[in-house]
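Just so you know, the sequences run in chain order B and D. Residue numbers are given in the working numbering: position 43 of the first sequence equals residue 43, and the series is strictly consecutive. Residue numbers are given in the working numbering: position 210 of the second sequence equals residue 210, and the series is strictly consecutive.
A portion of the hints provided could be inaccurate.
Same chains, same names: a pair is fine if it fits in one copy or spans any two.
In the SDA-like style, the derived pairs of lysine to any residue whose C-alpha atoms are separated by at most 25 Å in a straight line are [what the hints assert, rightly or not]:
(1) Lys2 / Ser117
(2) Lys18 / Met1
(3) Lys51 / Gly63
(4) Lys61 / Glu17
(5) Lys215 / Asp124
(6) Lys215 / Ala228
(7) Lys112 / Asp195
Keep in mind that the hints were calculated from the coordinates and are not lab data. If you're wondering where the values come from, they're calculated on a predicted model, not measured in any experiment.
Protein chains: 2
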Amino acid sequence: MKIGVFGTGVVGQVIAEKFESLGHDVMLGTRDAQQSLAREAKDGSGRPALKDWMAAHPKVKLGSFAEAAAHGQMLVNATSGFGALEALKLAGEKNLGSKVMLDISNPLDFSKGFPPSLSVCNTDSLGEQLQRAFPQLRVVKGLNTLTCFLMVAPRMLPGMHHIFLCGNDADAKAEVRKLLGTFGWADAEMIDLGDITNARGTEQLLPIWVRLYGKFQNPMFNFSIVRAEQ
Amino acid sequence: MKIGVFGTGVVGQVIAEKFESLGHDVMLGTRDAQQSLAREAKDGSGRPALKDWMAAHPKVKLGSFAEAAAHGQMLVNATSGFGALEALKLAGEKNLGSKVMLDISNPLDFSKGFPPSLSVCNTDSLGEQLQRAFPQLRVVKGLNTLTCFLMVAPRMLPGMHHIFLCGNDADAKAEVRKLLGTFGWADAEMIDLGDITNARGTEQLLPIWVRLYGKFQNPMFNFSIVRAEQ
Numbered sequence: 001m002k003i004g005v006f007g008t009g010v011v012g013q014v015i016a017e018k019f020e021s022l023g024h025d026v027m028l029g030t031r032d033a034q035q036s037l038a039r040e041a042k043d044g045s046g047r048p049a050l051k052d053w054m055a056a057h058p059k060v061k062l063g064s065f066a067e068a069a070a071h072g073q074m075l076v077n078a079t080s081g082f083g084a085l086e087a088l089k090l091a092g093e094k095n096l097g098s099k100v101m102l103d104i105s106n107p108l109d110f111s112k113g114f115p116p117s118l119s120v121c122n123t124d125s126l127g128e129q130l131q132r133a134f135p136q137l138r139v140v141k142g143l144n145t146l147t148c149f150l151m152v153a154p155r156m157l158p159g160m161h162h163i164f165l166c167g168n169d170a171d172a173k174a175e176v177r178k179l180l181g182t183f184g185w186a187d188a189e190m191i192d193l194g195d196i197t198n199a200r201g202t203e204q205l206l207p208i209w210v211r212l213y214g215k216f217q218n219p220m221f222n223f224s225i226v227r228a229e230q
Numbered sequence: 001m002k003i004g005v006f007g008t009g010v011v012g013q014v015i016a017e018k019f020e021s022l023g024h025d026v027m028l029g030t031r032d033a034q035q036s037l038a039r040e041a042k043d044g045s046g047r048p049a050l051k052d053w054m055a056a057h058p059k060v061k062l063g064s065f066a067e068a069a070a071h072g073q074m075l076v077n078a079t080s081g082f083g084a085l086e087a088l089k090l091a092g093e094k095n096l097g098s099k100v101m102l103d104i105s106n107p108l109d110f111s112k113g114f115p116p117s118l119s120v121c122n123t124d125s126l127g128e129q130l131q132r133a134f135p136q137l138r139v140v141k142g143l144n145t146l147t148c149f150l151m152v153a154p155r156m157l158p159g160m161h162h163i164f165l166c167g168n169d170a171d172a173k174a175e176v177r178k179l180l181g182t183f184g185w186a187d188a189e190m191i192d193l194g195d196i197t198n199a200r201g202t203e204q205l206l207p208i209w210v211r212l213y214g215k216f217q218n219p220m221f222n223f224s225i226v227r228a229e230q
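Construct the complete structure from the given sequences, taking the supplied hints into account.
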């Protein structure tokens, strides 16, 4: 499948690597591809410079947000929360159309240091903002509640653990669920919370996620919902 | 131990029952004991009227917030989030002193229906508000992320699952941890997140908790933090 991934940071790279390994035709989208490639330094999380990463993944394409949006039969938003709405605007309504977009981004505000607060929460969410701005786009919020290294390799953790999907379009959620199944997620591990307003719930998991990350000094953990025997 | 429990709703009752069964000397605190006893109807969660519950638990005492605060060597706040600050004001600074208070309350706002939003979140929390209002009181936020029926009986769920403690006083957290151990919580299941500002993290678990509750139509679940093998 042709997939457009918005964002060239660690989340975009790790997701793109996984898609590449599964045989998909991936294009990363960024604001200015030449500028992104010109960066020499490692990124904040110690990942190699984008040009080095691209060289190591020759099958992955790089383009503008608009080009990545046009490329993808399915889209993934892996930008920062602050960059998400702008990225979609640059992608353009025509290129986004009524495609399915998995939105992994979180509205984290690091302006006052760690742990971050949220730039939108409680009675609204970033997922809803994106859906409102592009009503035809079929936004599915998901994968935003764990580190990207586990998003694409859930079996690195022992036993059952969970991710949460929400969105207004049932077919879109079914497509995302099928794709994530190829990452190793069991069907019962993907909890469908309902429409996109439920992004308020999943994005507000981040405040405890970042604190647990600070405590463990290790992002390799996830939430599991333990229920009484049915 | 003498324990004062603020709140006569389902959370206060269930916690008080557990304390009673463990041999503690418990007093429930309410705004107006006579008025609370005069209510004939079952409460919103289908629990019996308070007078019937009191009759079934003759060892548990009932008093004003101030009397319950004076009674307890340790205190538990099991009021609604909206009622919490007012309950503490009625309890009075003199009676609260520098006692340990386990704060179970959550700032849930049901004014727009279900699921509730939060009346404080993100850059502040109810736990912090209570601690700021009574700087000598040693507030420990905890047990606020699961149903009261599991708070007092964690082994009703299979395997390991977690609760989160936070507060500014290490001794207070140690006392709460010891008490919760007698409920059946294993030490490794009680995650200490640090100071009281971490209540922002645990209170913001409620938005997804209420949505999972809505989905499951059953409150008998809890979060477990699954980590990679150490």
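These are the hints, each one checked on the structure:
no. : hint            : verdict
1   : Lys2 / Ser117   : neither (35 Å within a copy, 39 Å between copies)
2   : Lys18 / Met1    : within (13 Å within a copy, 56 Å between copies)
3   : Lys51 / Gly63   : within (13 Å within a copy, 70 Å between copies)
4   : Lys61 / Glu17   : within (11 Å within a copy, 63 Å between copies)
5   : Lys215 / Asp124 : between (28 Å within a copy, 20 Å between copies)
6   : Lys215 / Ala228 : between (28 Å within a copy, 15 Å between copies)
7   : Lys112 / Asp195 : between (32 Å within a copy, 17 Å between copies)
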